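Asker: As a plain string of letters, each chain reads:
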Amino acid sequence: MDVDERGRFEEATLPHLDAAYNLARWLTRDDHAAEDVVQEAFCRAARFFAGFRGGDGRTWLLAVVRRASFDWLAKQRARAAAPFDEDVHDRGDESLDPVHLAVRNADRQLLRQALEEMPPEFREVLVLRELEGLSYQEIAAVTEVPVGTVMSRLSRGRKQLQRRLAPCAGGGE
Amino acid sequence: MDCRDVRNLLHPYSDGELDLVRHLQVEHHLAECASCTEQDRGLRQLRAAVASAPLYHRAPAGLRARLRPPPAAPARRRPSARLAATAAGVAVLAAGVLFWRAGPPAEDRLAGEVVAGHVRSLQVSHLTDVASSDRHTVKPWFRGKVDFAPPVPDLSGHGYALTGGRLDYLADRPVAALVYHRRLHAINVFVWPADDSEGGARSLGRQGFHIRSWHRSGMAYWVISDLNAGELDEFVRLFRDHATAPPP
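First to last, the sequence lines map onto chains A and B. The first sequence begins at -4 in my numbering and counts up by one. The second sequence begins at 12 in my numbering and counts up by one.
Rather than coming from a laboratory, the hints here were simulated on the basis of the structure. In this text the structure is predicted, and so the values were computed from the model without any measurement. It is possible that part of the hints are untrue.
What the hints assert, rightly or not - From the derived model, a few chain A residues whose C-beta atoms are all more than 12 Å from chain B: (1) Q34; (2) F65; (3) T138.
Claimed, not checked - Chain A regions said to be covered by chain B (calculated; three or more residues, Cβ under 8 Å): (4) 50 to 60; (5) 108 to 120.
Idealized CB from N, CA, C, for every residue including glycine.
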């Protein structure tokens, strides 16, 4: 990579370092691992930068970060929890009483924890939508799934969060 | 559009992802249906809660520094470095000032070259010319390529895996670069023959990298990595303990 190309690479990627780190941090749930993953992702991105023909640097970089994060998660799989069972966790369209959803300060920790404990494929769409503000189309590009899947994961993920924040409302418990 | 249809569309509705026609249909339904309106309120409260919670992880400053390469290639800044070295030399003679931490200018310039070499090796996918975890493959590889035999200790038992070697160019000469890994962190060990006999151990920090250097048995060793200082010190200790010094 020559100086000019390096400059173009930095221009396309460095402004999105926070977004890259945020995604890696939420997927790995570990400060050090997130730094390692982002560094690895930037190395990979630099290698494949020749294939990047302008366009949205953020989406392109986040897709690389996501793959690096999942590679890291695959290595950690031995330690991972039991696989997520959607049938158990997703009980469909139960009613939720919004009164119980008023979020107090004490719930913020609960919110963080609920998001961290969510399976990664749900966590990533929530992070990209709620924290990064990406459109469904952009999330689909980053996560390499159809827009319809993004939509359904997003709504299921949010319902799970709602259940965690309002354990006494709906949910059938 | 009935309640069931609307509930399936509430999420894309609140995300502003519906086309205008369906957006208006949902809006119209919500104006008349208390139960769906409650659902919509619950969703908006959740989103407000997520938005207000400090959930965003910003990249640490050190990471940003590590991702930036050194400002210029060593070859380009050599004339100014030489000038700076002369000027600094005069200053030392005149005032008897000792450079603390930064080291003498030549050392400083070398540290800059070491950083550039390390970053270059990570960036251009050219970390190793010979990729092997076997020291008996890596060590002979240098034969005929450099006029010295770098020690290649096996430290895998200590969690520092040898991943290969490569030729690099530092201090105006070809040098041997040994590559070790600790987790995802690459450690470059640059080795070449040097006049200074023993000692001269130095610890430096440059652009988020940790650098260690020393001389032993007529060889100069420069180690650089983004690994944390504690583990890099351990690596250096193990490397020195396990390196069987070649004859000077």
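Asker: Given as covered by chain B, does the region 50 to 60 of chain A meet the bar of three residues or more with CB within less than 8 Å?
Answerer: violated (count 0)
Asker: Beyond 12 Å from every chain B Cβ: check whether that's true for A/Q34.
Answerer: violated, 7 Å
Asker: Under 8 Å between beta-carbons, do enough residues of the region 108 to 120 of chain A, three at least, approach chain B for the coverage claim to hold?
Answerer: With 1 residues closer than 8 Å to chain B, the region 108 to 120 of chain A misses the three-residue bar; violated.
Asker: Per the stated criterion, does the least C-beta distance between A/T138 and chain B lie above 12 Å, as a non-interface residue requires?
Answerer: holds, 15 Å
Asker: Over 12 Å from every CB of chain B: does A/F65 meet that, or does the non-interface label fail?
Answerer: holds, 14 Å
Of the numbered hints stated above, those contradicted by the structure are hints 1, 4, 5, listed in ascending order.
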